[in-house]
Structure formats: structure tokens, C-alpha cells
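Those sequence lines, one after another, are chains A and B. Here the first sequence is numbered in this note's numbering, starting from 2 and rising by one per residue. Here the second sequence is numbered in this note's numbering, starting from 895 and rising by one per residue.
There could be a bad hint or two in this list.
[What the hints assert, rightly or not] If you only want the chain A side, here are some residues facing chain B, beta carbon under 7 Å, derived:
{"#": "1", "residue": "Met10"}
{"#": "2", "residue": "Pro13"}
{"#": "3", "residue": "Ile45"}
{"#": "4", "residue": "Glu49"}
{"#": "5", "residue": "Gly116"}
Please keep in mind that the hints were generated in silico from the structure rather than gathered at the bench. In this text, a Cβ means the ideal position worked out from N, Cα and C, and glycines have one as well.
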Amino acid sequence: MESFDFIEMSFPAKPEYVGVIRLSVSGIANRMGFSYEEIEDLKISISEAVTNVVNHAYSEKENGVVTIGFGVYEERLEIMVADHGGSFNLNEVKAKIGPYDSNESVENLREGGFGLFLINTLMDKVEINNNSGVIVLMTKYLEKLGVELNDDHVSTGQ
Amino acid sequence: MNLQIQIDEKTNKSIVHLSGEIDVYTAPKLKDALLPITEIKGRIIEVDLEHVNYMDSTGLGVFVNALKLSKEHESKLLLVNLHERVLRLFQITGLHKIIDLNTTIRGVNE
């Protein structure tokens, strides 16, 4: 069993805390030795995952919580973003992700739904578990150690 | 962790200076400021992103929204002075081919 530090934080699932969560990941990633560019990737990825929770996981009346877990390993950072709200339709979400097609007419352009696509592009590994609530687990390796892994892959844990 | 918005109104152009972060918290404020001016026919809306040091897909969504309105109302939306990091986001999503990111300003009726 490899040793690692685990940090867990819970925040109200509200827009005003997304910036605070970004600062947290920035601090942890900086301590681990990630580059400026990689830290920016991590900030966007965690914001996208948390924004999904803020926008979709809870109805307006609920005081929802988003739980963030950081697994700090020697050569990688694992970030878990979890809500305890109603689960979404994963296939529907996956069908909507992807880059814009320049042939698409402007009227039909999506205004959202590509957060997951960005996470998938910016992180080395992404897993989504959709059993009770949604858990996004994403991994970024230090110094490109994870290059041999499949870069662009979203797998679904059941 | 906030967004400052300052709009300079010229004769036929609105220059929108943004400073700070565009995310799920600040996007509503940006929408409220930006969308109404894209509904003015013939108006050029130049959004200056020089002092935007963070943006995610929520911000992209606002600009897509503004672009749609500008096509509908025959105004022109232009984003200028993008940081490399912000530009990269447009490139990853393919939006750089759809939204005008040039720093050169061309006429509305070209």
C-alpha cells in the first residue's frame, strides 16, 4: 500500500466558494511541486467539477454541500469532488461533451455542458461514479510521469 | 476573487474592460452587463480581457450567449487582449474559430 496524505474539505455548494476551492488546490499543488501551467489546469478542472455540483446537484431549497478530497501522493495528485444530491443522467452528459464544431450554426451553439470535456482534456485521468450522488475522481501526475496512461479517457465506475 | 466591469461608451462602440476572475460566481454579473449591449443593432462590443487572470467554461458560456445575441441583433462582438491561458480555453473548445478573437477591429458592415 503506497503511503499518501489525504485532505478532506467540505464547502457549501454555493458559487461564492468556488474561488476558495481553487485557492486550496493551488496551495496543495504548489507544495507538491506542480508547475504554474499545471496548477492552472488543476484550478480549472476542480472549478468545473464544483460548478457542476453548484448548478445541478441540489434544488434551490436545499443547503447542499460539496466535499473535496485531495490524495497527495509522491508522484500524483488525486482530487475527488462529491455531492450528495440527485444523480444526473451520465450518458446524457457524456453525449453533450466535446469541442465546438465550427460548422455548427451560431444559433445552435451550446452555452454549457462542456465542463467535463475540459476536465478530461486538462487532467491525466478522470473517473466518474454515479451511484448515490456524483463523484468525480481526477488525477494529475507530476513531471509527466503519467504520459504512458491514456490521456483522453473518461471511464465510468459503477 | 471578484470581477470588475467598466464600460466605455464611444460613438458606435462599447469597450468592456474586465478585471479579475470569470467563474460561476462572477458570470451572472458579467451577463447582466454584457448581454444588453449586444442587443443594440450595429454596435461594436469590444471586450478587453487583459486583466482577466482566470476563466473557466462558465465564462465561455457567457461569451457564446453574447455571440448568439449579437448575430440575432446585428451587433459585433470582439474579444481582445486574451491571456495565453484564457486563449487556450477557447482553442481547446474550438470556440476560437467561432468567436472573433482578433485584436484588429473591422467594420460592422464589411
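**Request:** So, Pro13 of chain A near chain B? Judge it on the closest CB pair being under 7 Å.
**Result:** 12 Å, violated
**Request:** Please verify that hint: Glu49 of chain A, Cβ, nearest Cβ of chain B, below 7 Å or not.
**Result:** 6 Å, holds
**Restraint check, 7 Å cut-off on beta carbons, for Ile45 of chain A near chain B** = 5 Å, holds
**Prompt:** Any CB of chain B closer than 7 Å to the CB of Gly116 of chain A?
**Reply:** Gly116 of chain A check passes; min Cβ-Cβ to chain B is 5 Å, inside 7 Å.
**Request:** Under 7 Å, Cβ to Cβ, is where Met10 of chain A needs to be relative to chain B, so tell me if that hint holds or is violated.
**Result:** Violated, because the Cβ-Cβ distance from Met10 of chain A to chain B comes to roughly 17 Å (cut-off 7 Å).
The structure fails hints 1, 2 (numbered hints given earlier, in ascending order).
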